[in-house]
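Each chain, letter by letter, is given below.
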Amino acid sequence: MHLALITVFAVTEEIAKAGKSIGLGVGGGLGAVGAGVGIGIIFGKVIEAITRQPEMRDEITQIQWLGFALTEACFFYGLVAGLLAAFIV
Amino acid sequence: MSAVANPADPALGERGTGTGSGDGPAPSKWSTKRKLLVLLGVYIVGLIVIVALTGAHGTRNEAFKPQNEFKLETWVNLGVFSINKAVMYLVIAATLTCASMIYIARRMQDRPNRVQTAVEMLYQLMRDNIAGGNMSEKMLARWFPFIGTLFLFILFSNLIGYIPLPTSTDRAVDIAGFHLPAFSLYAATANLSIPLVLALVVFVSYTVEGVRAKGPIGYLKGLIPGGVTGAMAGAIFVLELISNFMRLMSLSIRLFANILAGHLIILFMAGALAVILGVAWLAWLTLPLGVLLFAFEVGLVAALQAFIFATLTAIYLGGAVADNH
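Residue numbers (the numbering used here), protein chains in the order written: chain H, 2 to 90; chain F, 776 to 1100.
The hints are simulated quantities; they were obtained by calculation from the structure and are not laboratory data. Just so we're clear, the structure is a prediction, and the values are computed from it rather than from any experiment. A virtual CB, placed ideally from N, CA and C, is assigned to each residue, including glycine. Some hints here could point you the wrong way.
Label-pair ranges, simulated between beta-carbon atoms [stated by the list, open to error]:
id: 1; chain 1: F; residue 1: ALA874; chain 2: H; residue 2: PHE10; range: 55 to 61 Å
id: 2; chain 1: H; residue 1: VAL90; chain 2: F; residue 2: GLU848; range: 40 to 46 Å
id: 3; chain 1: F; residue 1: GLN891; chain 2: H; residue 2: VAL90; range: 48 to 54 Å
One chain only, chain F, in its complex shape (with noise of 0.2 Å):
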């Protein structure tokens, strides 16, 4: 986090510091419970030690924004088409998905080496589960590839997210003589635009696989679930048509949110609570919270809304082209 000012810095540097000594000459023989406690113990001992040397109020900082985390700054100016760190973000989520499955199906062996049998248990999570599970033979055939690529792009875009990278062209850090751009946490995903887009292409391919299965009325009566008829039928349509347009938002908003508010989480905890209060104790009281968030998001959530994602574009896609349900 580059948000993390001269207030906090002591007490990141304390806690460095702390652990190590704490882990450092402790012998292999020493209990799970007994290194858990020296390291509470150095916890605690690093908080009273951070109050009495800052004290326990500080003042509040009114220059630092945490909406600025997340603002786009132009680097190359072409109009509509303006470079900034989220267009960067996408070119090597891009690059890495291309790259990494193809030079992996290049060299695929008799004998897989471990990296090929997380790739092959991947592939067959996404044709299985994800894609296999909510479609008919024909159409997953013909759409798989569409749903793999979108599982894996998303899940690429989300991990580079948690990766500190020098993007903040705004503000900058010297390290080593270098003069960086701040490091900092960002995603493709944790910007509307990128989730809606994906969105749309997937409304749109399931609308049009619909009408190419169904014809365009075939496809608007099919919208009506089996077994309704009448008068009822009528303000059915257009509550299932409203709730077509809905998964628009449904499906960019759940994967934008989740991202943003996971990055914001991990921002807060990290540190900028306390820049904002200007209380350099809060620092370290938050940050094994910030660590765990981190990990929390890193594990599930990057993964999990990679899922969701795929998931529910294979649904879709499958319920277009079925017969009435």
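One chain only, chain H, in its complex shape (with noise of 0.2 Å):
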């Protein structure tokens, strides 16, 4: 009975600590997916508007990095919700 019990406990935590991988796994790597598409599309789109109008390469150049920043940030969102999973909950 108490060897069951036990092993029970033991079941769970280890349940528990899949359960926090998973959610680090799942925070880090689809916020990566995400961000990457987005940052892809960012530099994508820079580069068909420089080629069409050069002569606002310096205009486009600072909205492209605001960009960038801001897509960039939604990946440690899911990173960081991630590590709260992992670690701290």
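Starting from two chains that each stand alone, build the complex the way the hints lay out.
Structural data, given as structure tokens:
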């Protein structure tokens, strides 16, 4: 009886550990997917825009970095949520 | 990184001498391609040597916890105002911001030297691109000092975060007989409290500025985009109000998470991964990546995050007083 109870506790602990690992993996991984697609789109569009209107290069570059940083941050939102799940919750 | 303990040390030493012998005797007529090939050869040979010396498998190290790198040890206990390493970084950044800019402004010359040219370019970037593009002349005159200081302070905070300083007082190292706290990378902005306070200051400033320009009712009405009327306006108003508070979160978490993740990744690539898994050759394998990431963080992310924080502040301030969009 006691042994069975201990086994159950051990198993729940393992499951909790697995859940935390999944949380970190999904948070980091899916966050990276989304941000990667977004950053790709931004730089692709910037190349398009500059080839069309090379004279607007400076203005476009400034907006590009703004967009890059905003998109990149989305990856870190996912990562921070994953880290929270893995280490703190 | 103070985290690099015994298992990784042979790897680091190996690399230091390895690249030295690769570059040292190389005559200057060697082409870039040849140098790169030699470097790659040293890298691969070093990897094989380490695997041969220490074995491919290791035992997991449970003692080292990467999150302890970001733990704050209280140095001087003053209750809520206790001094720890984050406070030290804050003070250094604030002192550097004020001292360097005042020093340069005092000795401005007609024929600028290199430092003055760089600071003038920085000033122009702050005035024309960050602040000027997003607010009117009148607002610019009033708020440019604030935005400029914010930019410089975050920039200095981020940059000194990449200099290893002896701040880990929970561990010690002996260097040439001196008993020093272990060196570690930390930044004031890698702690959520500091970006949050900065974001709060920004939030209060643009709300006050908006209320002063339009009155409390006018400011709240101004949240609704122009052209929306009827029942729709109510729903949009609630959404806009929520998104207004979400700015507080996004502004602070963006800066905090960028710097924290940068530091974590440098920590892992520079040896923590090898220390945790107890595998020496992993440190050798990941070190070039660590160096690359370090350069990326110092060269781009540190300045970009300061730029984005200041630009968004300018956009929020300009948007708060602008007529309905």
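We went through each hint and held it up to the structure:
no.: 1; hint: F:ALA874 x H:PHE10: 55 to 61 Å; result: 58 Å, holds
no.: 2; hint: H:VAL90 x F:GLU848: 40 to 46 Å; result: 24 Å, violated
no.: 3; hint: F:GLN891 x H:VAL90: 48 to 54 Å; result: 51 Å, holds
Of the numbered hints given earlier, the model fails hint 2 alone.
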